[in-house]
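K.L.:
So you can see what is in the structure, the chains are spelled out below.
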Amino acid sequence: MSTEPNPEPNPAMAPDGDPEVYYLNMGPQHPSMHGVLRLVLKMRGEEILEAEPVIGYAHRAHEKMAENRNYLMFLPNTSRVDYLSGMIYNIAYCQAIEKIMDIEVPERAEYIRIIACELNRISSHLLWFGTFLLDLGGITPFLYCFDDREEILDILDSVTGSRLTYSYGRFGGVTMDVDSAFVARTRAFLARMRDERLPKYRRLVGDNVIFRERCEGVGVITRDVAFRYGVTGPCLRSTGVAYDVRRAEPYSIYDRFEFKIPTRVEGDTMARFDLRIEEMEESCKIVEQAVDGLPEGPIMPAKPKKRYRPPAGEYYFAVESARGHFGTYIISDGTDVPVKLKLRTPSFSNLSSMPDVLRNTMVADTIAIVGSIDVVMPEIDR
Amino acid sequence: MSKPRAEAEHDSDEHETEKMSRILGSSVAELAESSEHADYAKYGYHHVYLANIESIPEITRHFFDAGYLLEMVTCQDRRDDAGTMRLVYTFNHLAHLDRHLVHADVAADAEAPSITSLYQAADWFEREVYDMYGVRFSGHPNLKRILLPEDADFYALRKDFGRIEDAPQES
Amino acid sequence: MRYVRRVLGGLISLFVGLSITLRELFKKPVTLQYPHEKPSLSPAYRSAIKLIRFDETNSHDCVACLACQKICPSFCIDIEGGKVEGIKKKRATKFTMDFALCSLCGLCIDVCPTVTLEYSKLYDEAGYNRDWNMDLLEEFTDYEEQFITEQREREEKAAAEKKAKAAAAKAKAGKNEKAGKNEKAGKNEKAGKNEKADKVGGQAEEGEA
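Chains as they are written, first to last, in our numbering: chain A, 1 to 382; chain B, 1 to 171; chain C, 1 to 209.
Just so you know, these hints were derived from the structure itself, not from any lab. On a predicted model such as this, the values are computed, not experimentally measured, just so you know. Beta carbons: idealized from backbone N, C-alpha and C, even for Gly. Errors might be hidden in some of the hints.
Unchecked claim - Simulated restraints, written as ranges between beta carbons of each label pair:
| hint | chain 1 | residue 1 | chain 2 | residue 2 | range |
| --- | --- | --- | --- | --- | --- |
| 1 | A | A191 | C | N133 | 46 to 52 Å |
| 2 | A | S180 | B | P141 | 28 to 34 Å |
| 3 | A | N25 | C | C65 | 53 to 59 Å |
| 4 | C | E138 | A | R163 | 55 to 61 Å |
Stated by the list, open to error - When the alpha-carbon atoms are kept at most 30 Å apart in a straight line, the in silico DSS-like pairs for lysine-lysine are as follows:
| hint | chain 1 | residue 1 | chain 2 | residue 2 |
| --- | --- | --- | --- | --- |
| 5 | B | K42 | A | K260 |
| 6 | A | K306 | C | K163 |
| 7 | C | K27 | A | K305 |
| 8 | A | K64 | B | K42 |
| 9 | A | K64 | C | K70 |
| 10 | A | K303 | C | K89 |
| 11 | C | K88 | C | K27 |
| 12 | C | K28 | A | K306 |
| 13 | C | K83 | C | K27 |
| 14 | C | K90 | A | K305 |
| 15 | A | K64 | A | K260 |
| 16 | C | K94 | A | K306 |
| 17 | C | K70 | A | K303 |
| 18 | C | K90 | C | K50 |
| 19 | C | K162 | A | K200 |
| 20 | C | K121 | A | K306 |
| 21 | B | K42 | A | K200 |
| 22 | A | K64 | B | K159 |
| 23 | C | K90 | A | K303 |
| 24 | C | K27 | C | K89 |
| 25 | A | K306 | B | K159 |
| 26 | A | K303 | B | K42 |
| 27 | A | K99 | C | K70 |
| 28 | A | K305 | B | K159 |
| 29 | C | K157 | A | K305 |
| 30 | A | K305 | B | K42 |
| 31 | C | K70 | C | K28 |
| 32 | C | K170 | A | K305 |
| 33 | C | K165 | C | K88 |
| 34 | A | K306 | C | K90 |
| 35 | C | K170 | A | K303 |
| 36 | C | K170 | C | K89 |
| 37 | A | K306 | C | K50 |
| 38 | B | K144 | A | K99 |
| 39 | A | K306 | C | K70 |
| 40 | C | K121 | A | K285 |
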């Protein structure tokens, strides 16, 4: 079968014979494009007529690597798919295989996983917060957020030995145990976050008039657009749909914790901002409950398996990552090398809604909108 | 805090939505060649269907009318076993958990119908399937490569491409 | 009037923000002046993989089973080795790892059957090129010959102990065996080649050995 190179360009982007239409290329090397995203904008004056995201600059062939390695060898890759929520993806893959092979996870390991994943979620939202404001021109909160984020990274570093791309989970549990110093440090961090830092961010940024003028009413994602494009995560919750995989398909021990699912109805950039601050607070609540209830016990099953051979068939497992619904689809043929591993990443669908959202907006709002949907290019390109 | 709207709807018409998913399940099952229930606790989905590729747009229309979200479109290279490429569509409802997996076999050089007129999410998913497996979709507004370079002359996830020598052999 | 209130409200929010940043200005900075100040490494800090030198044997315990080579996702381990003359244990003769590829995932450490791999605590390993193929056996080569000698002695000692134990047990069983054999011979004469008799004899022997 012949493979011909790229055929005709996108018909929506054709000039239409209008002499005032011009094309602006944002990225892939751009200080505020959140990784290597290229946005081709068809514009008339300041107004955007059509936008086309061009992706693939960070494609590293993770799915192909999965077909060339066995299940255990793929563990380090999972963190690198989305390295900002690396712990969540790592544990999600472990949980998928555990569900398929009926491996029981000890209680203590479950609690530790929840603590690590929620801390990772907070650190991802903090990074989003800092870079979002950096894009809008507010350089100050960026370093405040990174100060908080450093504390989380140090806490996770003291247990796993890595700061960003963890290989912490194993099938059945976690590799290293936490001690009382970890618990004390986490508690101190949570207290500081809830009492001092999050209110400060609200006052410094959320009430700021320049920020409000730039974000209110900008980049509205309607429920219909969100449904058609498969948008999940905070972008969907900002339109009023309370869909969170931790509630819809409870996995691990999330059903033991009390936490709210924040929603807004406006669907604009300001709504997504408020929503993520609230989500950070809810994650702090979850970590606090988990730390209070941390039981004693082992962190790996007594007799871990040597070879992992899931029975032949197709399996799907979903978790809530910091950006939305992350699904792992595994086709196994009974050997220890998968036939196919598909990673359904949330930012892929979230970014595909950009042409609809960016139509008829101003180019100056593009940065705010693209920043507010929290796209991470490595998980789009895998 | 008042209950968000979607959760409130779910509690009050749980019966209604279960009835709807049963109706949906049976109408899709009629269109498909085979359908079976799957154990969610083990597999992660509730129903799996094998459908003729020609009936995919109609099946998709049923899911769209019932308010199901298109979660994923992907493909499996089965040219060694069955001489076909198997497309996999995943649908799920946001208010109540009900995941349906639809398989459709496409012959090695044939085209599949695109469902972008209903779900714009399929736009990028189908482009990725074309990019990685070479399956063309008729009726797609903008079918071109999405992840690989535009002038690439290979389809990356096909089984006859890219096996490295010291990869663990399937034992 | 509403417009004026909006403008005033906006100005006040700006002053609130400035007051926050002004307060931060007089706090102690959180910046670590690297490279003049180095960070304190976490207790779980881990760096390149190395072989453990055990106290009892003063050498490593790699038996060249190739488990780590098979599990490495980055294919960066290269081992050669096998039977060494004079001792029963296998030894690795070549063990190189390419740390330009290693992602420190720890799967090799998990899977090693003799627990002879561990993380080192190297820090600040900057270099001028990408040639990071490290030979993990370098520090063990001088001692290798002596290790083989000592290992041979250890194995002979262990074999001797085992033999003594087995001899003692056999002596004890020998008396019982004689009685058992007479019984067996008698039974064989009576019943001929009977599977049951063999089984009984076999069981009796197994029970006493």
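K.L.:
Please list, smallest to largest, the hint numbers that this structure does not respect.
P.N.:
Result: hints 2, 4, 6, 7, 11, 12, 13, 15, 19, 21, 24, 29, 31, 32, 35, 38 and 40 break, sorted rising.
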